[in-house]
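Please model the complete structure; the sequences and the hints are all you need to start from.
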Amino acid sequence: MGVEGIGARVTRKEDKRFLTGKGRYTDDMTVPGMCFAAFVRSPHAHARIGNIDATAAGEMPGVIAVLNGRQMLDDGIGNLICGWMIHSKDGSPMKMGAWRPLAHETVRYVGDAVAVVVAESMAEARDAAEAVIVDYEELPAVTDAVTALADGQPQLHPEAPNNLIFDWDIGDAAATDAAIAAAAHVTQMRIVNNRLAPNPMEPRAALGIYDAADDHYTCYTTSQNPHVARLVMSAFYNVAPENKLRVIAPDVGGGFGSKIYIYPEEITCLWASRRTGVPVKWTSDRTEAFLTDAHGRDHVSTVKMAFDASHRITALKVDTIANLGAYMSLFSSAVPTYLYATLLSGQYDIPAIHANVRTVYTNTVPVDAYRGAGRPEATYLLERTVETAARELGLSPVELRRINFIRSFPHQTPVIMNYDAGDYDASLAAALQAADWDGFPARKAEAASRGLKRGIGMSCYIEACGIAPSAAVGSLGAGVGLWESAEVRVNAVGTVEILTGSHSHGQGHETTFAQLVADRFGVPIDSVSVVHGDTDKVQMGMGTYGSRSGAVGMSAVVKALDKVEAKARKIAAHLMEADESDIVIENGTLKVAGTDKSLPWFQVTLAAYTGHNLPPGMEPGLKEGAFYDPSNFTFPAGCYICEVEVDPETGKTEIVQFVAADDFGNIINPMIVEGQVHGGIAQGIGQALLEGVHYDPQTGQLLTASYMDYAMPRADDLPSFQVSHQVTPCPGNPLGIKGCGEAGAIGSPPALMNAITDAIGTNALDMPATPARVWAAARAAAN
Amino acid sequence: MYETTYHRASSLAEAVRLRADSDEAKYLAGGMTLIPTMKQRLAAPSELVDLRHIAELRGIAVKGRRVRIGAGTPHNEVATSAAISAVCPALCHLAALIGDPLVRHMGTLGGSIANNDPAADYPAAMLGLDATIITDRREIPAGDFFTGLFETALEDGEIVVAATFEAPARAGYSKFANPASRFAMTGVFAAQAADGTVRVAVTGAGANGVFRHAGLEAALTRNWSPDVVSDVAVETGDLLSDLHGNADYRANLVKVMAKRAVATA
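As you go down the protein sequences, you meet chains X and L in turn. Its first residue numbered 1, the first sequence is counted upward by one per residue in our numbering. Its first residue numbered 1, the second sequence is counted upward by one per residue in our numbering.
Hints are supplied without guarantee of correctness; some may be wrong.
What follows is a set of in silico ranges between Cβ atoms, one per label pair, in the way DEER data are often shown [stated by the list, open to error]:
#  : chain 1 : residue 1 : chain 2 : residue 2 : range
1  : X       : Gln433    : L       : Ser85     : 42 to 50 Å
2  : L       : Ser85     : X       : Ile403    : 56 to 64 Å
3  : L       : Asp23     : X       : Pro158    : 46 to 54 Å
4  : X       : Pro441    : L       : Glu166    : 48 to 56 Å
5  : X       : Gln433    : L       : Gly196    : 55 to 63 Å
6  : X       : Glu446    : L       : Gly196    : 52 to 60 Å
7  : X       : Thr147    : L       : Gly196    : 55 to 63 Å
8  : L       : Asp238    : X       : Pro161    : 44 to 52 Å
9  : X       : Pro158    : L       : His105    : 50 to 58 Å
10 : X       : Glu446    : L       : Trp224    : 26 to 34 Å
On the chain L side, residues computed to face chain X include the following (Cβ under 8 Å) [said to hold, decoys possible]:
#  : residue
11 : Phe176
12 : Ala180
13 : Leu243
Simulated from the structure, these hints should not be mistaken for lab results. All residues carry an ideal CB built from backbone N, CA and C; glycine is no exception.
So, in structure tokens, the structure goes:
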């Protein structure tokens, strides 16, 4: 592998600038004449907009313009879209209510933007935004999805009676019902997956620059996928045609899904720049982030899991209601359907599965993908249910899982997915050993002597990464293909630039993508630059989400490297008068096998560019591009075991041990993979123990709009993680890698909840397991 | 943040005069509440009169068992004071639990008790220690000082100069932190005076802010032992219910924290 090649634990090239505060983020961008935007946002969860009086605001110091949604409509700016079409069981298309970047008729959640002030300073813009007088006619609001479906509730969009967006199902209902009817045992649960705010460290920001001389737009934005942003803003929002719109996502400080989507603010900054003639920058503050960043999760489900007399799962029936908020965000329809219900087989051989999903409008900020996106919801539901079933059946949770594991691959589940490779026993065994599972009773007894209730819980997760192949997702309703592009530019002196459509916002691509080149040509990673995040530099790409940068983005790089290598071999063979098939590449040198002839890499690349002595007919240069479209999803899997001590007097949970045993296929950089797992587990622990978005059910006000009330995980909430890897290479891509970005957030919540419920002796506990909830649940269980 | 004018006062008299010059002026102590509130545009003082550079407000003095803490003393100085620790380690422990290191090096005793956040730690200590709050005008017993949520007996423009108290025979503080804010979900300060009388002050749990619990005080005066706490009834009527915990939970925490405060005293 070499010291910097595939599998090497290389420290991150990008960390020097990140750790010394020298990163360049959207808010760091300053251009001459730049002004600032402040949004006038609805204080009401649901209201009709009357008159908007901007007279006083327009006369305030520094104010360039106050713009509203009617002006935006007049200028032809389009509605925001949801890019994945889902049809209901009855064949009708999902009911997409109009989402205007600036509302002009109705506001539907607290924070919905109705106007924007552009002023010479941020403070002046904010002062003037407060002076804009909006007449609202308040309407009743509903924030809970189950309530919103009932008759007589407030209606958000005329297209969607009872706020129902779609009523979709997957699997064989009749076979599932029959298996449940014939079952020896059925475990039933009601599972709530709590609503989360994404909280990237860098809040969203946008800088819109209109150049009237060239009739050209530039948008700096906090995006995980700048090319998709350009495509959507061109094709659907009518901001500008693609050739006149450059989108740049520079350093981005975390996304977790929330920066996939194209939000009203970046559209408005571009449009306002053209309207006013000045560059317009907006930067979210933390309160705006809570109010307007797309939230995650928010499912309420019921589940039935059927077993035969030998404890094999015979059927799984799921009914889920998913809250999508006030409008359909970009991928919102895909999350509770194809990214969720297709994973309900988990690691288990289940002959019959049926899942019904209803998605619902409520007066809350839109809900979309958040780290894991559907897969955490599926895993949580399945792994809580399996654990509960083991308790009901009087079986060890290890034994029940082993009875039901899939062991032959490929495995076709009843819910679309075809698992290509895996070894679930291996991860389970590794986790059990690392956790000293057998020693738990002694540790439990010791904790009891200290007055604490100790519990242990596990989860065996599967996820699907890559979100591909394009033809398949297209047939399921996706509006885009989910391939990736890459270009490898070898310079004359042998240094290399990789241009990728993947986008790094914390993942370390500048290091790991460079490792692919180091591995292939033996050049140091310092001689490899990774270029991404700029639509003028990289031709096209689909961005980074769904743990796809490795499995899809790197595969595109490998395809391009294959082409570069093939050409370099031809040149080397020609220069050394050898047969191409005898050329071997070792440690940065191209050699003729079995001889002492060799050429260093840089001489071959220089020859490509001098063009003095190339094979007949060969074009000069050494630059190749590739598009890679995967043949299947990838299927990372693993086993997590969590051990907790609960203080029965206060309900406070301390995590005393956390073990993760993951199979991500082949690994490019173990250090970065471990970091991804650590971060994912921290977020999963956050969901299970601490985090939860609360809206007031009557007023629709967001009650958790700051860190005073929204509990984020901190260092002292977390244990030291024990991480290991088991490897079954993915057969579907050239590197054999599966993806690791979301696993931690997917596998950890059920492991933690299973541990707490084990400790307190009840299955009736929802996330987040706050001290108050745990105390109440333990008390209810004792009575 | 709205525009404001900053003044640095170098004496109490100057601070009072600067503030009197404007209706919309506010004193600034550590700024750990006021500045974030201003940043969120929830407070808009036209003038800030900074009290942090007034020598008369600084310093800790312990004479015998009499403790005097200047209002401008940061939490960290209290937390690490050997002189206080020698006579009342519970107060050092309490100060060490406030916020995080940044807050403890900026936030002050005077700022905390003048703000009287219902989940702040210091009000429990002041009430539990039967402290006297010395202002630039008068002396106010802690029992009269804290009057409600973010309400105190301070008059317009009055400045807290110091707090003094007689160190108790023993005292303990136990805090259950809110998982989000790390303020006290419930904090109990229990102190036994030299004559055996016990004061128990509760912060974080009360719907009207910090309060003393008569039942716990009576039981612990009879028998200073963690074991007696479980038999005391804590009514839920005046306790807070919010999304972090209802009144039943807080009533339980009052007892558990009281027990632990006594156990650690």
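These are the hints, each one checked on the structure:
1. Range check, Gln433(X) to Ser85(L): about 47 Å between beta-carbon atoms, so the 42 to 50 Å window is met.
2. Between Ser85(L) and Ile403(X) the beta carbon distance is about 60 Å. The supplied range of 56 to 64 Å therefore holds.
3. For the pair Asp23(L) and Pro158(X), the supplied restraint of 46 to 54 Å holds, since their beta-carbon distance comes to about 51 Å.
4. Range check, Pro441(X) to Glu166(L): about 52 Å between beta-carbon atoms, so the 48 to 56 Å window is met.
5. Between Gln433(X) and Gly196(L) the CB atoms are about 57 Å apart, so this pair conforms to the stated range of 55 to 63 Å.
6. Remark: the range hint 52 to 60 Å for Glu446(X) to Gly196(L) is contradicted by a beta-carbon distance near 39 Å.
7. Remark: the range hint 55 to 63 Å for Thr147(X) to Gly196(L) is upheld by a beta-carbon distance near 56 Å.
8. Against the hinted window of 44 to 52 Å, the Cβ-Cβ separation of Asp238(L) and Pro161(X) comes to about 46 Å, which satisfies the hint.
9. Between Pro158(X) and His105(L) the beta carbons are some 57 Å apart, a value that agrees with the proposed interval 50 to 58 Å.
10. Distance hint check for Glu446(X) and Trp224(L): the Cβ-Cβ separation is about 31 Å, which falls inside the suggested range of 26 to 34 Å.
11. Given the 8 Å rule on beta carbons, the hint for Phe176(L) holds: about 6 Å separates it from the nearest Cβ of chain X.
12. Interface restraint check: Ala180(L) against chain X, minimum CB-CB distance 4 Å, threshold 8 Å, status holds.
13. Here the hint on Leu243(L) is kept, as its CB sits about 5 Å from the closest CB of chain X, short of 8 Å.
In terms of the numbered hints stated before, the structure departs from hint 6 and from no other.
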